[in-house]
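Student: Sequence lines, in order, name chains P and R. Numbers 22 to 458, taken from the working numbering, label the letters of the first sequence in order. Numbers 23 to 777, taken from the working numbering, label the letters of the second sequence in order.
Treat the hints as calculated values from the structure; they're not laboratory data. Mixed in with the good hints, there may be bad ones.
[To be verified] Below 30 Å or equal to it, Euclidean Cα-Cα: the simulated DSSO-like pairs (lysine-lysine) are: (1) LYS49/P x LYS406/R; (2) LYS377/R x LYS49/P; (3) LYS412/R x LYS451/R; (4) LYS406/R x LYS175/R; (5) LYS252/R x LYS49/P; (6) LYS449/R x LYS225/R; (7) LYS252/R x LYS171/P.
[Stated by the list, open to error] Derived coverage of chain P by chain R (criterion: at least 3 residues anywhere in the stretch with Cβ under 8 Å from a Cβ of chain R; other residues may be distant): (8) 40-47; (9) 96-106; (10) 284-291; (11) 411-418.
Please read all numbers here as calculations on a predicted model, not as lab measurements. Heads up, the beta-carbon is just placed ideally off N, CA and C, and yes, glycines get one too.
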Amino acid sequence: MTESTSRRPVLAAGLRFPQARAGGRYGKEDPGHLAAALARELLAMNAVDPAAIDEVIVGCVGPPHDQANVARVIALRAGVPEDVPAFTVARNCASGMQAVTSAIDQIQAGRGDLYLCIGVEVMSGYPLVMNDAATDFFSNLARARSGPAKAKALAGFKPGMMAPRITITEGLTDPVSGMIMGSTAELLARDFGLTREQCDQYALRSHVRATEAKEGGRFDAELIPYLPLGSSSRQGSLHHDDGIRDNQTPEALGKLKPYFERPDGVVTVGNACGITDGATALLVASEAKSAELGLEPLAAIRDYAWSGCDPTRMGIGPVHSTSKLLDRTGVGLSDFGVIEINEAFAAQILACEQAFGSSTYCSDKLGKSSAIGELNMDLLNRNGGAIALGHPVGATGARLLLTTAHQMQAADTELGLATLCIGGGQGGAVMLERIAR
Amino acid sequence: MKFNPSSFPMPDNAPEPGACVALELLEDGKLAKLTLEPPHREQTVFDGPLMRDLNMRLGELEGMTQVEGLIVTGRSPLHFCYGADVNSIREIESVAQATESARAGQMVFQRLYKLGKRGGGRIMTVAAVGGAVPGGAFEISLACDAIVLTNDKSSKIGLPEVKLGIIPGWGGCTRLPRRVGVPTALEAILKGTLFDARRAKSKGLVDRLAWPQYLDRIAADLAMGRERPKVRERGYKTWAVDKNPAALKLIANAATKGVMAQTGGKYPAALRAIELVTGAPRRSIEEGLHEEAIILGALAVSPECRSLVSLFQGTEDAKKWGKLENGDSAPGFERAAVLGAGVMGGGIASLLARKGLSTRLKDLSRGALDAAVLDHYKGIAKAKKRKRMKPAAADAALDRLEVTTGNAGFGRVDFAIEAISEVLEVKRKVLGGFAKDIRPDAVIASNTSSLSIDAIAEGLPNPERVVGMHFFNPVAQMPLVEVVRGPRSSETAVRRTVKLALDLGKTPVVVADHAGFVVNRLLGPYIDEALRLYESGSSPQELDRLIKDFGMPMGPFVLLDEVGLDIAAHTATSLHEAFGARMQPTELLRPLVEAGELGKKAGKGIFIAPKAGAKKPGRLAMLFGRGGDGPQLNPRLRRSGSAPAVTNLSPEEQLDRMILPMVNEAARALEAGVTETAAELDLATVFGMGFAPFRGGVLAYADALGAKEVLRRLERCSGHADVRNRGDAAERFAPAKLIQAHAEAGTRFREDLRR
Numbered sequence: 022m023t024e025s026t027s028r029r030p031v032l033a034a035g036l037r038f039p040q041a042r043a044g045g046r047y048g049k050e051d052p053g054h055l056a057a058a059l060a061r062e063l064l065a066m067n068a069v070d071p072a073a074i075d076e077v078i079v080g081c082v083g084p085p086h087d088q089a090n091v092a093r094v095i096a097l098r099a100g101v102p103e104d105v106p107a108f109t110v111a112r113n114c115a116s117g118m119q120a121v122t123s124a125i126d127q128i129q130a131g132r133g134d135l136y137l138c139i140g141v142e143v144m145s146g147y148p149l150v151m152n153d154a155a156t157d158f159f160s161n162l163a164r165a166r167s168g169p170a171k172a173k174a175l176a177g178f179k180p181g182m183m184a185p186r187i188t189i190t191e192g193l194t195d196p197v198s199g200m201i202m203g204s205t206a207e208l209l210a211r212d213f214g215l216t217r218e219q220c221d222q223y224a225l226r227s228h229v230r231a232t233e234a235k236e237g238g239r240f241d242a243e244l245i246p247y248l249p250l251g252s253s254s255r256q257g258s259l260h261h262d263d264g265i266r267d268n269q270t271p272e273a274l275g276k277l278k279p280y281f282e283r284p285d286g287v288v289t290v291g292n293a294c295g296i297t298d299g300a301t302a303l304l305v306a307s308e309a310k311s312a313e314l315g316l317e318p319l320a321a322i323r324d325y326a327w328s329g330c331d332p333t334r335m336g337i338g339p340v341h342s343t344s345k346l347l348d349r350t351g352v353g354l355s356d357f358g359v360i361e362i363n364e365a366f367a368a369q370i371l372a373c374e375q376a377f378g379s380s381t382y383c384s385d386k387l388g389k390s391s392a393i394g395e396l397n398m399d400l401l402n403r404n405g406g407a408i409a410l411g412h413p414v415g416a417t418g419a420r421l422l423l424t425t426a427h428q429m430q431a432a433d434t435e436l437g438l439a440t441l442c443i444g445g446g447q448g449g450a451v452m453l454e455r456i457a458r
Numbered sequence: 023m024k025f026n027p028s029s030f031p032m033p034d035n036a037p038e039p040g041a042c043v044a045l046e047l048l049e050d051g052k053l054a055k056l057t058l059e060p061p062h063r064e065q066t067v068f069d070g071p072l073m074r075d076l077n078m079r080l081g082e083l084e085g086m087t088q089v090e091g092l093i094v095t096g097r098s099p100l101h102f103c104y105g106a107d108v109n110s111i112r113e114i115e116s117v118a119q120a121t122e123s124a125r126a127g128q129m130v131f132q133r134l135y136k137l138g139k140r141g142g143g144r145i146m147t148v149a150a151v152g153g154a155v156p157g158g159a160f161e162i163s164l165a166c167d168a169i170v171l172t173n174d175k176s177s178k179i180g181l182p183e184v185k186l187g188i189i190p191g192w193g194g195c196t197r198l199p200r201r202v203g204v205p206t207a208l209e210a211i212l213k214g215t216l217f218d219a220r221r222a223k224s225k226g227l228v229d230r231l232a233w234p235q236y237l238d239r240i241a242a243d244l245a246m247g248r249e250r251p252k253v254r255e256r257g258y259k260t261w262a263v264d265k266n267p268a269a270l271k272l273i274a275n276a277a278t279k280g281v282m283a284q285t286g287g288k289y290p291a292a293l294r295a296i297e298l299v300t301g302a303p304r305r306s307i308e309e310g311l312h313e314e315a316i317i318l319g320a321l322a323v324s325p326e327c328r329s330l331v332s333l334f335q336g337t338e339d340a341k342k343w344g345k346l347e348n349g350d351s352a353p354g355f356e357r358a359a360v361l362g363a364g365v366m367g368g369g370i371a372s373l374l375a376r377k378g379l380s381t382r383l384k385d386l387s388r389g390a391l392d393a394a395v396l397d398h399y400k401g402i403a404k405a406k407k408r409k410r411m412k413p414a415a416a417d418a419a420l421d422r423l424e425v426t427t428g429n430a431g432f433g434r435v436d437f438a439i440e441a442i443s444e445v446l447e448v449k450r451k452v453l454g455g456f457a458k459d460i461r462p463d464a465v466i467a468s469n470t471s472s473l474s475i476d477a478i479a480e481g482l483p484n485p486e487r488v489v490g491m492h493f494f495n496p497v498a499q500m501p502l503v504e505v506v507r508g509p510r511s512s513e514t515a516v517r518r519t520v521k522l523a524l525d526l527g528k529t530p531v532v533v534a535d536h537a538g539f540v541v542n543r544l545l546g547p548y549i550d551e552a553l554r555l556y557e558s559g560s561s562p563q564e565l566d567r568l569i570k571d572f573g574m575p576m577g578p579f580v581l582l583d584e585v586g587l588d589i590a591a592h593t594a595t596s597l598h599e600a601f602g603a604r605m606q607p608t609e610l611l612r613p614l615v616e617a618g619e620l621g622k623k624a625g626k627g628i629f630i631a632p633k634a635g636a637k638k639p640g641r642l643a644m645l646f647g648r649g650g651d652g653p654q655l656n657p658r659l660r661r662s663g664s665a666p667a668v669t670n671l672s673p674e675e676q677l678d679r680m681i682l683p684m685v686n687e688a689a690r691a692l693e694a695g696v697t698e699t700a701a702e703l704d705l706a707t708v709f710g711m712g713f714a715p716f717r718g719g720v721l722a723y724a725d726a727l728g729a730k731e732v733l734r735r736l737e738r739c740s741g742h743a744d745v746r747n748r749g750d751a752a753e754r755f756a757p758a759k760l761i762q763a764h765a766e767a768g769t770r771f772r773e774d775l776r777r
């Protein structure tokens, strides 16, 4: 191992819990417990002493208000020693991927050799909060000292104050453009002339592939069963992502009404990713450290790229970040054996497919002389994607890397790409490469 | 009345007069500070020298006219005083002596009280206390004008005397009702709760909490009037309750009813405490103290008190096994593994996790793991809801339990316990493979109830680290743990395991590697004899009632259903194999076991549990004796035709038939050296099978009867027709050598227990 390869960052190990539709099996979970349980298991299974960790980095979009710096909470709850620091990162839908790229930077800079990187999201736990009128009402009441003042403050109550703000809806809306994520996908569908049928067809494909992967045991290496808090005695451990519909049909998908834009929209709850809870944990290490710990890394990390794009068309982000990554590495789109693009919306995936192959888009938006290349749809999301598996926002970036690495091992390919779109108009892409044994 | 220090035992190493209590003058001589620091004791308790010196210093203070404030405090903010010397209670020989030492203590505390403003004196007296402040230590605080308690998790304050079969007799019953009102005082004294700092403050037991670093300063401020104690006003309640004879009568009646329902009147101290506390408001302090002394005198020599004190002493003595031979505390464990997620394994894993060990539970079945984890979740949620656990502690306890179906993740384990099936070959095979996955110096414990620890250790690498750690079901509730020392077990492994049991809040008893250890060995013949009595014509309900009246928490038949008939049958078989004819079990349970009617867990056992939601019999039906019999007897439980029906056994004879086989077997176990002392064996019977605590244990009960009487009664049992016809199995009534020896020599099992 040369000096340059020994500092090469690798995915030394990884593990995830099954992902569950929000308000369901993980309805009583919180990121602190869920991610700590996962981290303990990852460390135990790989016989890694928590004291060997240099830092814990957690990506989480909506940490609960009672778990400030949720990374520190998770680290301590996972039994990581007190003297190991921890920080939380947020890059919206790519927070879990950001945790990994932050670790990459530190490893390459020689600041450390072993990082516990976690993506976690319990969207079930996003609270309802009081609206502004109610907040004013309560602060007036608290300020009132005398009896009459209190009575006066109380008299200010109006029924409208009972209407809460729904943080999950607000969180899924881009405050700059004012558009909810689904509408940005509708915009892409119109730009690229995508039909409802095409979107439904793609959604169906995701469920079919996920079902095949589940039944073929292709998830077994990446996830372990988990008994969530709040389970009843009739419920056993959750063994698989519960968003996968084994018997999804075009008819059932076709019956759904457009969710965001009626009557002519193409995005339905059936061809969009569901609101989901989940966690993925990765050990990111220098190659030398990984060898020292006796680990067998899943893949090495060649490079990564972040890029920005139009917030109202955030779904096209993967094209931008991948373009940047390819330019940095000199790799072509056709060189990847495994490609994972997060399925926020079927329309958004299909728009990316077209944009990759469109010389117009690539020259207009990316300043390229030609198209990036054809996206090989057979290689894309072979185990299904977020439409079936769900999209726990902070966790997904880490899950994409985990599943890409496992697929690369299974297919014995040289290069893998994990990329995703990010609310607010960004894209992120990470290139994995095979480790010669 | 003059203080007579000889009312208290004077230890041989008593220091010079004055050495136990320091008197310092601070703030230009205006503030006095009394520090209890007996040089002859590591832990401060009120013994002769301390009382003598306290009395002396109070006398000096009476003459110091310049003193305005007084602080009474201990060695450190977390070490004040542990109350009366419990050992001295054991030494008391007569009612007069007990009354006398109560009076003497009262006199010293009263002297302090009279110095203080409440007692009409000129000094503001402040007790600055912390750590454990039980009994007498709290009573001296109550004699002060104000109490400051260290705000620390080690602080525990209260009056636990009733638990020892006595009452607070140094003013506690008289002063606490005045401080907190009758209802709170009554609750505190009857339950004997030691309150943590937060609850002590909120209940008004103390006036002020202070961080350990500030205790001195705040006590000084209070004593010098720079801070006024915030008196907790009870307002109208004083008049409506404490000064209202009708209300007091009502409270006394309700409390008496409650105590009778719980204890059947077998613990007289509680009843006496009710009289004293509810009577306190109408008596002057002097009258109250007088009553306390008389009642304490009578209680202190009662057999109940002797038994309870000896049990307390036993649990204290058990702690010595938690120390290494050089006296250091045995090192704790950091990471535990539990093999087998059945009821026992799951319970043990949950307990370990709750008590601070990172714990990895392994089972091949995910379903078994799920059930164990769910119980863990539920147990913690319940504790959190009842505020027995703070949210952060509850979260940590949740986090500490890991589960797996695989072999990975055990590398850092330094304590492993197996609770897998009770088959020697299986245990050996599993542990043989597992020993390679954990640290080579890890202690390996087996929760076996029937197999030999030595046999399990055979063939394992480093067999000296193998011990038994026998928990009882349900793990969370049952207080006893039998720590089994195999012939090859290392002293360190045994002692570290004892320490773990202590850390888990259990009472450990170290036992030798003999079949059934103590508890199952004694339960075997007891339960079997109950079944045989049933075969001979006794009614299970009647036998259960006799045993409950005797003082056990439940009768043998209900116990069988709780334990599970399959488990009981398995234990019986292995005891039979080990000890032969005298442990021969009846065949009575076989049809039930074969039908899977295994007790409570199956919904059906000896008794058939009433269906959930079944209508309770109405009052009228009860009146006519219909439907009021509680659970129905399982029709599968059939008397065999061959057993002769004995219809004329008296209740006493029936009781003897069940209890004496236990006594006899206990004597044999002691002979065989299962425990080192009779006291330890008795401790195991009380904490492991609920043997009536006020009787002190099985052997203490034998002593109470007298060895000769035990012999006579054993002989009488042997004479019963059904026993005679039993053949070899009648051997269980053949007296053990040790009983015969005691009968001949006129000696006792428990020479440590005064009668």
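Student: Take the hints in turn and mark each one as holding or not.
Tutor: Now for the hints, and whether the structure bears them out:
| no. | hint | result |
| --- | --- | --- |
| 1 | LYS49/P x LYS406/R | holds, 15 Å |
| 2 | LYS377/R x LYS49/P | holds, 24 Å |
| 3 | LYS412/R x LYS451/R | violated, 41 Å |
| 4 | LYS406/R x LYS175/R | holds, 18 Å |
| 5 | LYS252/R x LYS49/P | violated, 43 Å |
| 6 | LYS449/R x LYS225/R | violated, 52 Å |
| 7 | LYS252/R x LYS171/P | holds, 29 Å |
| 8 | 40-47 | violated (count 0) |
| 9 | 96-106 | holds (count 3) |
| 10 | 284-291 | violated (count 0) |
| 11 | 411-418 | violated (count 0) |
Checked against the numbered hints above, the structure violates hints 3, 5, 6, 8, 10 and 11; every other hint is satisfied.
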